[in-house]
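Number of protein chains: 2
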Amino acid sequence: MAKINENYSKLPGSYLFAEIARRVAAFSAENPDVKLIKLGIGDVTWPLAPAVIEAMHKAVDEMGRKETFRGYGPEQGYDFLRNAIVAHDFKARGAEITADEIFVSDGAKSDCGNIGDIFSADNVVAVCDPVYPVYVDTNAMAGRAGEYLSELEKWSNIYYMPTTSENSFVPELPKTHVDLIYLCFPNNPTGTTLTKDQLRQWVDYANEHDAVILFDAAYEAFITEDDVPHTIYEIPGAETCAIEFHSFSKTAGFTGNRCAYTVVPKALIRQGQSLNGMWNRRHTTKFNGVPYVVQRGAEAVYSEEGMQQVRQTIAFYQENARVIREGLKEAGLEVYGGVNSPYIWFKTPTDSWSFFDRLLKEAHVVTTPGAGFGPSGEGYIRVTAFGDAEDTKEAVRRILDLLK
Amino acid sequence: MAKINENYSKLPGSYLFAEIARRVAAFSAENPDVKLIKLGIGDVTWPLAPAVIEAMHKAVDEMGRKETFRGYGPEQGYDFLRNAIVAHDFKARGAEITADEIFVSDGAKSDCGNIGDIFSADNVVAVCDPVYPVYVDTNAMAGRAGEYLSELEKWSNIYYMPTTSENSFVPELPKTHVDLIYLCFPNNPTGTTLTKDQLRQWVDYANEHDAVILFDAAYEAFITEDDVPHTIYEIPGAETCAIEFHSFSKTAGFTGNRCAYTVVPKALIRQGQSLNGMWNRRHTTKFNGVPYVVQRGAEAVYSEEGMQQVRQTIAFYQENARVIREGLKEAGLEVYGGVNSPYIWFKTPTDSWSFFDRLLKEAHVVTTPGAGFGPSGEGYIRVTAFGDAEDTKEAVRRILDLLK
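Heads up: the protein sequence lines correspond to chains A and B, in order. Heads up: the first sequence begins at 0 in numbering that gives the first Met the number 0, then just goes up one per residue. Heads up: the second sequence begins at 0 in numbering that gives the first Met the number 0, then just goes up one per residue.
Only chain A is shown next, with the shape it has when bound in the complex (with noise of 0.2 angstroms):
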């Protein structure tokens, strides 16, 4: 008899974006009349880029003729764009990685849970808390998360790192013996960031512990402060202990266009075996590269005018943000974010599920309860900065005043 695997058993309910889409259509079916404002999703509204735009129809054409028609490409992406993400994403940050420790791919979501292939199922995640659901998930998925405990809201083998206000949003060190940590700044959900130095310190940790980071800068883009790394490869050592996750999604409204890549340097070796080597392997094996024309967008990202267009957009999020940040803070709410991230993060007056409630059916926004991100993720709420601007403005008046 076939059998299946029984971890998928032991998670509990249903991912937390599809349990908001719920509640959020429960809601419009009832009320069909009411005009929502979704601040929740992560998800960006502006469109590709025009330089984006002019690659891809350039592409689309190749395509259509005999000539310059392209079929398999390489699975780990087209030259063209594996030099430009090193020059511009790395060479430029003093961060030496070279093309063939770039891997592109279909999505960050992708290869944070695809990662965990090369990994055996004994090792030790952690995790900050609250965290993006799909590191806890795809680890539990392959049986490295132990059993779910569901009044602590934990599962029993992963250690959970809080990250609130109380400890101003930086990790503590583990106190006990970590294999795989999973790091993501600018942070999804908080919105906070952690320092060159405050990062360090995870880098050396690593190495002394022969752990390894997996670093997700999806949300690099969006950094204005000139301390918070860009790139985990700007801490020296990084090279030896760190995997990391970059994403077109949020630097380039790429989320429905699907192109990522992940970085596994050659310098990374765990147990004589190098995690380049396997992931290659792995990645040619299971996968077989992102569409030429996509790729052809996203290497336009890099062009002059496609730098430029990409970012006055994220300056149009960036002013969201602030539009959110000090509005939220008007209207007496304990705020943090919005910085150096798309996301805001908020303390709320009462549960988090029950707050998210009250701002859909009152308000009419719709956001994201922090409990949905971890237990000390309970108390918060996260708001983000991709809406349209007028709404956003608006979404800001209504939760003003619902709250005065």
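Any given hint could be a false lead.
[Claimed, not checked] Straight-line C-alpha distance at most 25 angstroms; calculated DSS-like pairs for lysine-lysine:
| id | chain 1 | residue 1 | chain 2 | residue 2 |
| --- | --- | --- | --- | --- |
| 1 | B | Lys346 | B | Lys392 |
| 2 | B | Lys265 | B | Lys37 |
| 3 | B | Lys57 | A | Lys57 |
| 4 | A | Lys9 | B | Lys265 |
| 5 | B | Lys9 | B | Lys328 |
| 6 | B | Lys65 | A | Lys392 |
| 7 | A | Lys2 | B | Lys153 |
| 8 | A | Lys65 | B | Lys65 |
| 9 | A | Lys65 | B | Lys34 |
| 10 | B | Lys265 | B | Lys328 |
| 11 | B | Lys2 | A | Lys153 |
[Claimed, not checked] Some but not every residue of chain A turned toward chain B, in silico, with C-beta under 7 angstroms:
| id | residue |
| --- | --- |
| 12 | Val59 |
| 13 | Ile117 |
| 14 | Arg269 |
| 15 | Gln270 |
Hint data in this document are derived by calculation from the structure and do not stem from the laboratory. If you're wondering where the values come from, they're calculated on a predicted model, not measured in any experiment. Idealized CB from N, CA, C, for every residue including glycine.
Starting from the known structure of chain A, arrange chain B on it as the hints suggest.
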């Protein structure tokens, strides 16, 4: 210390096509003026159909305007595509598959590899021999293959089903118990097929033993004979025992455009769990959908013009297949496949890597040695019909000259 997945260390050598690429590159470096004809890797050469190109341009334009921009889509694929798939690939063939049983993805290679996630590590896997290496390698990575026995070129825990001229390329039902059965028909690499009656025996076997068939239908668009099933769901009872993989790669030349889909029927239950629900959880947790532009391209494959254009391209490849099949027979070789498949499989006068080298170095034709697909592939070579018409004829002439 971070511990690696030690199953990766057991994997022998590199992936078949990487080894071929290495030999070809070495030959070309020494013989820069020789024009090689490549009938090796199964990659298409004709451009995307005009209807697909038009749909993609339109979708790129939509992505460039705020009013029509699309961010995250449903992870399982847009309804417009899932509905088109159901109507044309299933309903039209009398197979009762519904849209929520269709999971659109970036490739059948990814899905064939990732499907193992929902099964436990202790299932016994059966594969045809010769076989598409991805089925075996991904199970080895997951710890389901046991140890690699290099003298046999087999894994200790995999059940190999020889599929050779001796059994007319119809694998025998397993003699000992197996749980997961990979079947690919029309077959890669042999180009042979099963009739409906022959496939029915497998469906009956799987239902009787609570096994699950993982049916790879990537080449169904090449079927010319009436009695050959385009989908396993033409066989009664398949919905309770089979998962099926489809791809737009060979159907519509999408190898560089990346779109495929997997069918997991809701009636497929094991140990009380719905495999549809499990795969949905996997798909929504570790994947974020296929690019909108690509999904619009795939939808256009099902338009009236799209279907006509795609059929023309397939007819072109089928003519190549005929040329190769008849040419190789004329050369006195024992030839199989090529009737319902883009692959032609022939017996070699010497061992298959030696004959591969001879074809490369003397006829300047790149093929794929059968031994690379498993021990029972020894003594065969695979040739593909995806080349240019003139090149294909020239390749056949060169092989005829060589064997005169």
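Item to check | Structure versus earlier hints - violations, ascending order | outcome: Failing hints, ascending: 2, 5, 8 and 10.
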